[in-house]
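Number of protein chains: 2
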Amino acid sequence: MAKAGTRAQRMAERRQQILDAARAMAEADGWTAVTSRRLADAIGYTQPVLYGHFPGGKTEIMRTVALAGFAELAAAMQAAIRGKTGPQAVAAVADAYLDFAATHPSLYEAMFQLPIDARFAQDDAETELRSGFNALGAALGTDADGTATELLWSALHGMSLLERAGRMRPEHRPNRIAELAARFAN
Amino acid sequence: MAKAGTRAQRMAERRQQILDAARAMAEADGWTAVTSRRLADAIGYTQPVLYGHFPGGKTEIMRTVALAGFAELAAAMQAAIRGKTGPQAVAAVADAYLDFAATHPSLYEAMFQLPIDARFAQDDAETELRSGFNALGAALGTDADGTATELLWSALHGMSLLERAGRMRPEHRPNRIAELAARFAN
DNA sequence: ACTCCTTCTCTAGCGGCGCTAGGTTCTAGC
DNA sequence: GCTAGAACCTAGCGCCGCTAGAGAAGGAGT
Numbered sequence: 434m435a436k437a438g439t440r441a442q443r444m445a446e447r448r449q450q451i452l453d454a455a456r457a458m459a460e461a462d463g464w465t466a467v468t469s470r471r472l473a474d475a476i477g478y479t480q481p482v483l484y485g486h487f488p489g490g491k492t493e494i495m496r497t498v499a500l501a502g503f504a505e506l507a508a509a510m511q512a513a514i515r516g517k518t519g520p521q522a523v524a525a526v527a528d529a530y531l532d533f534a535a536t537h538p539s540l541y542e543a544m545f546q547l548p549i550d551a552r553f554a555q556d557d558a559e560t561e562l563r564s565g566f567n568a569l570g571a572a573l574g575t576d577a578d579g580t581a582t583e584l585l586w587s588a589l590h591g592m593s594l595l596e597r598a599g600r601m602r603p604e605h606r607p608n609r610i611a612e613l614a615a616r617f618a619n
Numbered sequence: 434m435a436k437a438g439t440r441a442q443r444m445a446e447r448r449q450q451i452l453d454a455a456r457a458m459a460e461a462d463g464w465t466a467v468t469s470r471r472l473a474d475a476i477g478y479t480q481p482v483l484y485g486h487f488p489g490g491k492t493e494i495m496r497t498v499a500l501a502g503f504a505e506l507a508a509a510m511q512a513a514i515r516g517k518t519g520p521q522a523v524a525a526v527a528d529a530y531l532d533f534a535a536t537h538p539s540l541y542e543a544m545f546q547l548p549i550d551a552r553f554a555q556d557d558a559e560t561e562l563r564s565g566f567n568a569l570g571a572a573l574g575t576d577a578d579g580t581a582t583e584l585l586w587s588a589l590h591g592m593s594l595l596e597r598a599g600r601m602r603p604e605h606r607p608n609r610i611a612e613l614a615a616r617f618a619n
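Those protein sequence lines, which keep their order, are chains A and B.
Those letters in the first sequence? Residues 434 to 619, by my numbering.
Those letters in the second sequence? Residues 434 to 619, by my numbering.
Hints listed in this document are in silico derivations from the structure and should not be mistaken for laboratory results.
Please read all numbers here as calculations on a predicted model, not as lab measurements.
The beta-carbon is built from N, C-alpha and C at its ideal position, and this holds for glycine as well.
Keep in mind that a hint or two might mislead.
Unchecked claim - SDA-like, lysine to any residue: derived pairs with alpha carbons at most 20 Å apart: (1) B:LYS491 to A:ALA473; (2) A:LYS491 to B:GLY463; (3) A:LYS491 to B:ALA466; (4) B:LYS491 to A:ALA466; (5) A:LYS491 to A:ALA475; (6) A:LYS491 to A:ALA508; (7) A:LYS517 to A:ALA475; (8) B:LYS491 to B:THR439; (9) B:LYS491 to B:ARG448; (10) A:LYS491 to B:TRP464; (11) A:LYS491 to B:THR465.
Stated by the list, open to error - Distance ranges between label pairs, derived from CB positions: (12) B:TYR484 to A:ALA504: 43 to 49 Å; (13) B:THR560 to A:ALA457: 24 to 30 Å; (14) A:GLY463 to B:ALA598: 29 to 35 Å; (15) B:ALA577 to A:GLU493: 45 to 51 Å; (16) A:GLN442 to B:ARG563: 33 to 39 Å; (17) B:PRO603 to A:GLY516: 31 to 37 Å; (18) A:ASN567 to B:PRO607: 54 to 60 Å.
Stated by the list, open to error - From the derived model, a few chain A residues whose C-beta atoms are all more than 10 Å from chain B: (19) ASP578; (20) GLY591; (21) ALA598.
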């Protein structure tokens with residue numbers, strides 16, 4: 434008899450362990466500090482074990498972490514909008530978005546800045562991405578061809594990165610959100 | 434007698450050679466392909482020579498390339514605005530910005546996405562950065578506390594990255610620019 | 001109980017990275 | 001021609017992502 438659970442269960446557990454460790458490590462010291470050796474150490478095994486779970490190596494691990502991030506971001510935005518309309522909805526979704534990016538900078542980095550980007554659109558990422566996009570669209574109310582939604586996403590994405598890079602006055606964020614809500618509410 | 438010019442001249446020339454090679458290499462194959470060995474090969478010397486010119490290593494080289502990029506971007510924006518006001522000015526500056534980012538993706542990456550960011554503000558970067566920021570502000574006309582300018586910069590920055598990542602419909606860029614001009618003019 | 005076979009895990013190593021200590025060659029000034 | 005210093009290279013460090021192949025562990029059949 435095995436120590437605990439079925440083979441598949443143990444595999445799934447360890448897979449999650451790897452993802453958790455990678456995410457924690459990234460948030461603590463940045464993605465460059467997430468090396469295959471350190472990651473293997475963290476889960477109590479050696480490097481090759483990682484490749485058993487993620488044949489694509491570090492890239493696949495980051496991609497998987499990013500995927501979870503998209504789901505979380507979409508959920509946060511949906512929760513923020515609930516029951517709001519007009520400028521309030523826009524301000525709420527903007528606040529939620531920027532908060533998410535600021536609170537989980539490395540997660541956000543994995544989602545948008547790393548070489549995961551290329552050809553992301555075909556698989557299950559589509560669902561989470563679309564879901565987040567829709568949340569933004571919902572905040573705007575009507576947006577026939579999605580152009581305004583694209584613009585709003587652009588502004589939020591850019592702002593989160595520029596804030597993080599120290600290129601925007603942090604204390605002005607409320608002003609920026611107000612400005613955004615004023616200019617984007619239908 | 435030396436082969437050509439003074440010592441200082443030869444140093445300056447080679448310094449520029451390194452920067453040119455790094456930039457060309459980055460645009461051709463991305464920054465990860467710009468390694469100290471390949472870079473040294475490209476200028477016909479060995480690695481340690483690079484460190485004579487740029488004690489900070491690869492980071493300092495990228496930072497220097499990025500600095501030139503800021504100057505170019507600011508110039509492109511200023512040229513685009515010339516003689517325009519209102520929505521036309523905003524559209525023109527947006528077009529110039531997005532064009533720059535799309536035409537020199539790796540240069541743009543060095544300017545905004547790489548770990549150069551941290552504490553950039555104290556030295557000569559300030560000038561070029563401020564100059565670009567001012568060009569955006571000029572396109573907007575009046576912007577008392579700079580909030581609208583921050584917002585415009587955010588939108589352009591985010592849009593350029595999302596376009597590059599394939600997350601925005603490329604054929605819709607004119608729509609996005611029009612939307613931007615409409616929402617941001619005065 | 002013993003063998004066999006699969007499944008799991010580790011050891012060891014490859015090529016490449018950024019970077020640097022220390023020796024060698026060249027050059028300029030006397 | 002000699003010498004001091006600048007210029008440059010060789011060789012190597014510790015790290016990276018990744019993998020081939022050896023060996024241990026554990027269940028199935030006899």
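Results for each hint:
Simply put, LYS491 (chain B) and ALA473 (chain A) have alpha-carbon atoms about 29 Å apart, too far for the 20 Å limit, and the pair is violated. At most 20 Å may separate the alpha-carbon atoms for a hinted pair to count; LYS491 (chain A) and GLY463 (chain B) meet this at roughly 19 Å. Distance restraint check for LYS491 (chain A) and ALA466 (chain B): the Cα-Cα separation of roughly 18 Å lies within the 20 Å cut-off, and the hinted pair is therefore satisfied. Taking the CA atoms of LYS491 (chain B) and ALA466 (chain A), the gap is near 18 Å; set against the 20 Å cutoff, the hint holds.
A C-alpha spacing of about 15 Å is found between LYS491 (chain A) and ALA475 (chain A), which places the hinted pair at or below 20 Å, so the restraint holds. For the suggested pair LYS491 (chain A) and ALA508 (chain A), the alpha carbons sit about 26 Å apart, so the restraint of at most 20 Å is broken. For the hint pairing LYS517 (chain A) with ALA475 (chain A), the CA-to-CA distance comes to about 43 Å; that exceeds 20 Å, so the pair is violated. Restraint check: the Cα-Cα separation between LYS491 (chain B) and THR439 (chain B) comes to about 27 Å, which exceeds 20 Å; the hinted pair is violated.
This hinted pair checks out: LYS491 (chain B) and ARG448 (chain B) have alpha carbons roughly 13 Å apart, not beyond 20 Å. A hinted pair counts as satisfied when its Cα atoms are at most 20 Å apart, and LYS491 (chain A) with TRP464 (chain B) qualifies at roughly 18 Å. For the suggested pair LYS491 (chain A) and THR465 (chain B), the alpha carbons sit about 16 Å apart, so the restraint of at most 20 Å is met. At about 45 Å, the beta-carbon gap between TYR484 (chain B) and ALA504 (chain A) stays in the expected band of 43 to 49 Å.
At about 40 Å, the CB distance of THR560 (chain B) to ALA457 (chain A) disagrees with the hint of 24 to 30 Å. Roughly 20 Å separates the CB atoms of GLY463 (chain A) and ALA598 (chain B), a value that falls outside the hinted 29 to 35 Å. The beta-carbon spacing between ALA577 (chain B) and GLU493 (chain A), approximately 49 Å, falls within the hinted interval of 45 to 51 Å. With their beta carbons about 58 Å apart, GLN442 (chain A) and ARG563 (chain B) fall outside the hinted range of 33 to 39 Å.
The hinted range of 31 to 37 Å is satisfied by PRO603 (chain B) and GLY516 (chain A), whose Cβ atoms lie roughly 36 Å apart. Checked against the hint of 54 to 60 Å, the pair ASN567 (chain A) and PRO607 (chain B) fails, with Cβ atoms roughly 24 Å apart. Distance to chain B contradicts ASP578 (chain A) as a non-interface residue, since its nearest Cβ pair spans about 7 Å, not more than 10 Å. The Cβ of GLY591 (chain A) sits about 3 Å from the closest Cβ of chain B, inside the 10 Å cut-off, so the non-interface label is violated.
In this structure ALA598 (chain A) is not separated from chain B by more than 10 Å, as the shortest Cβ-Cβ distance comes to only about 4 Å.
Hint violations for this structure: numbers 1, 6, 7, 8, 13, 14, 16, 18, 19, 20 and 21, all remaining hints satisfied.
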